[in-house]
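S.K.: Whenever a hint applies, use it, and build me the whole structure from the sequences.
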Amino acid sequence: MLIGLNFTLGGTLELVQRLAKEGEIDYCELLIDNFLQVPPSELRDAFACPIGLHIMFSKFLESDAAYLESMAERLREYIDVLKPLYISDHLARFTHKGRTLYHLAELDYPNEYHHVRQRVDWWQEKLGQRLYLENYPSIMDGGHDAPEFFERLVQDTGAGVLFDASNAVCAQLNCGLGLDRWLNVIDSTTHFHVAGYSLSILEPKVVLDTHDVELSPETLAFLTRYKDHFDKPNATMTYERDENIEYDDIVSDLRKLRAIFGHPKGGTQ
Amino acid sequence: MNSSRVIDNDLLDALMVPAKQGDYPRDSHAFVRIDCSLRVYWHSLFDICPDVLALTTPDGLAIYRPFMAWANERQLSLDWTYYLWVYQWLLQSEFRERVTPKIARALTAASAARWAVGDRSASGGIAVGCADFPELVVAWKSHHIDEGREIELVELDEPLPTPPGKFGYFTIPQFELNTFPGWSEILR
Ligand SMILES: [Fe+2]
Numbered sequence: 001m002l003i004g005l006n007f008t009l010g011g012t013l014e015l016v017q018r019l020a021k022e023g024e025i026d027y028c029e030l031l032i033d034n035f036l037q038v039p040p041s042e043l044r045d046a047f048a049c050p051i052g053l054h055i056m057f058s059k060f061l062e063s064d065a066a067y068l069e070s071m072a073e074r075l076r077e078y079i080d081v082l083k084p085l086y087i088s089d090h091l092a093r094f095t096h097k098g099r100t101l102y103h104l105a106e107l108d109y110p111n112e113y114h115h116v117r118q119r120v121d122w123w124q125e126k127l128g129q130r131l132y133l134e135n136y137p138s139i140m141d142g143g144h145d146a147p148e149f150f151e152r153l154v155q156d157t158g159a160g161v162l163f164d165a166s167n168a169v170c171a172q173l174n175c176g177l178g179l180d181r182w183l184n185v186i187d188s189t190t191h192f193h194v195a196g197y198s199l200s201i202l203e204p205k206v207v208l209d210t211h212d213v214e215l216s217p218e219t220l221a222f223l224t225r226y227k228d229h230f231d232k233p234n235a236t237m238t239y240e241r242d243e244n245i246e247y248d249d250i251v252s253d254l255r256k257l258r259a260i261f262g263h264p265k266g267g268t269q
Numbered sequence: 270m271n272s273s274r275v276i277d278n279d280l281l282d283a284l285m286v287p288a289k290q291g292d293y294p295r296d297s298h299a300f301v302r303i304d305c306s307l308r309v310y311w312h313s314l315f316d317i318c319p320d321v322l323a324l325t326t327p328d329g330l331a332i333y334r335p336f337m338a339w340a341n342e343r344q345l346s347l348d349w350t351y352y353l354w355v356y357q358w359l360l361q362s363e364f365r366e367r368v369t370p371k372i373a374r375a376l377t378a379a380s381a382a383r384w385a386v387g388d389r390s391a392s393g394g395i396a397v398g399c400a401d402f403p404e405l406v407v408a409w410k411s412h413h414i415d416e417g418r419e420i421e422l423v424e425l426d427e428p429l430p431t432p433p434g435k436f437g438y439f440t441i442p443q444f445e446l447n448t449f450p451g452w453s454e455i456l457r
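Just so you know, the protein sequences line up as chains A and V, in that order. Okay, so the first sequence: first residue is 1 according to the numbering used here, each after it adds one. Okay, so the second sequence: first residue is 270 according to the numbering used here, each after it adds one.
Since the hints were derived computationally from the structure, they do not count as laboratory data. Predicted, not measured: the structure shown is a model, and the values here were computed from it. A virtual CB, placed ideally from N, CA and C, is assigned to each residue, including glycine. Some hints could be false.
Stated by the list, open to error - So, partial list: chain A residues that the calculated Cβ filter (under 7 Å) puts toward chain V:
#1 Gly10
#2 Gln37
#3 Val38
#4 Glu42
#5 Ala46
#6 Phe57
#7 Met71
#8 Thr100
#9 Leu101
#10 Tyr102
#11 His103
#12 Ala105
#13 Glu106
#14 Met140
#15 Asp141
M.R.: Structural data, given as structure tokens:
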């Protein structure tokens with residue numbers, strides 16, 4: 001298992017470079033659409049480790065074709081130069097009736113399947129790449145439909161799942177979706193996310209995917225229990241941290257992941 | 270299917286409309302989930318523009334709630350233009366006498382910054398003009414790996430024509446402000 005860290009903003013560059021140099025991470029995941037005005041070669045030269053690409057705001061289920069085609073054309077330049085380990089995007093709702101959702105919403109999986117399937121086919125074709133699509137940290141009951149939806153989507157489109165293990169723990173705590181329901185998905189993919197989560201301010205508490213604190217015991221137990229399902233050749237696990245970015249705290253979590261998965265065999269590329 | 274089953278889709282109309290939160294039982298996950306969504310709009314306004322919060326009590330509700338209701342009536346997209354509409358709402362509210370030029374510039378800068386962080390077109394920057402102050406607010410997307418977006422207040426030697434509405438904008442293809450292609454209207 002390669003262990004990585006997400007890189008979303010200029011301010012944490014030194015931290016990511018240091019973690020790579022010290023061998024705490026094996027790769028770095030760029031939130032690539034934050035950097036579409038940075039020359040691809042500048043991104044390539046900044047990291048002495050392999051790179052994964054995470055797309056945040058393509059909104060490819062909702063955006064119009066001309067917008068996406070322009071974005072895909074630019075993304076392809078980055079793909080050519082950076083030769084990423086994988087490319088991922090999100091399956092979530094970004095707008096409702098043309099109005100922007102600041103807190104993304106979950107898809108209505110059964111009713112939107114055909115639309116999503118078409119869009120995934122189309123977006124993969126435009127990018128010229130297999131895409132890994134991330135699962136949503138469900139709060140409401142619709143989360144129960146997610147594992148089956150992803151299994152079907154993988155089968156029909158050839159896309160992969162960027163399986164976020166702590167998002168699955170959020171869904172378990174919020175709507176009681178058993179972690180074992182994801183086993184087929186975990187077996188089917190090589191790319192993973194993991195992060196800390198926090199509780200809502202109001203009662204009854206719900207669990208929110210906030211990337212602001214250390215990994216929970218539940219998440220670590222999940223990874224440990226299904227270690228052999230997660231770990232496979234070329235597998236990656238990105239530790240996501242977007243708030244309270246402290247070197248020691250991040251290293252502490254990265255080492256917990258190392259303790260579960262060990263160091264990658266044969267080193268990195 | 271269980272009739273008490275509630276999915277995210279059922280809540281979409283309430284996720285940006287504070288008045289609709291009360292349609293759900295206070296002790297339900299739906300109520301809390303809507304609250305989580307509403308809080309992001311609150312923080313996006315007051316964390317970024319504390320001078321707006323200073324106009325009212327610390328909970329900000331005397332601004333936040335009527336603004337969100339007004340935005341809902343007009344079906345505002347709440348995209349990068351969010352703060353420009355907050356300014357226009359303030360100008361027709363009980364707070365209008367207390368809206369300073371500093372607040373006008375801060376809200377304009379917040380919208381320009383939101384464009385620079387969220388826009389995914391090929392443009393490098395945006396210039397926003399306001400009928401209430403002479404400078405241009407210009408925001409540039411991050412174009413080096415170790416730098417974030419940048420915001421500038423630009424005083425022009427020769428002022429541009431005043432935008433036809435309260436605000437106007439134009440995007441800048443590269444990273445140099447050297448032409449004026451005319452004002453685009455701020456869409457809802
Ligand atoms: Fe994630």
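S.K.: Please list, smallest to largest, the hint numbers that this structure does not respect.
M.R.: Hint check: nothing fails, all pass.
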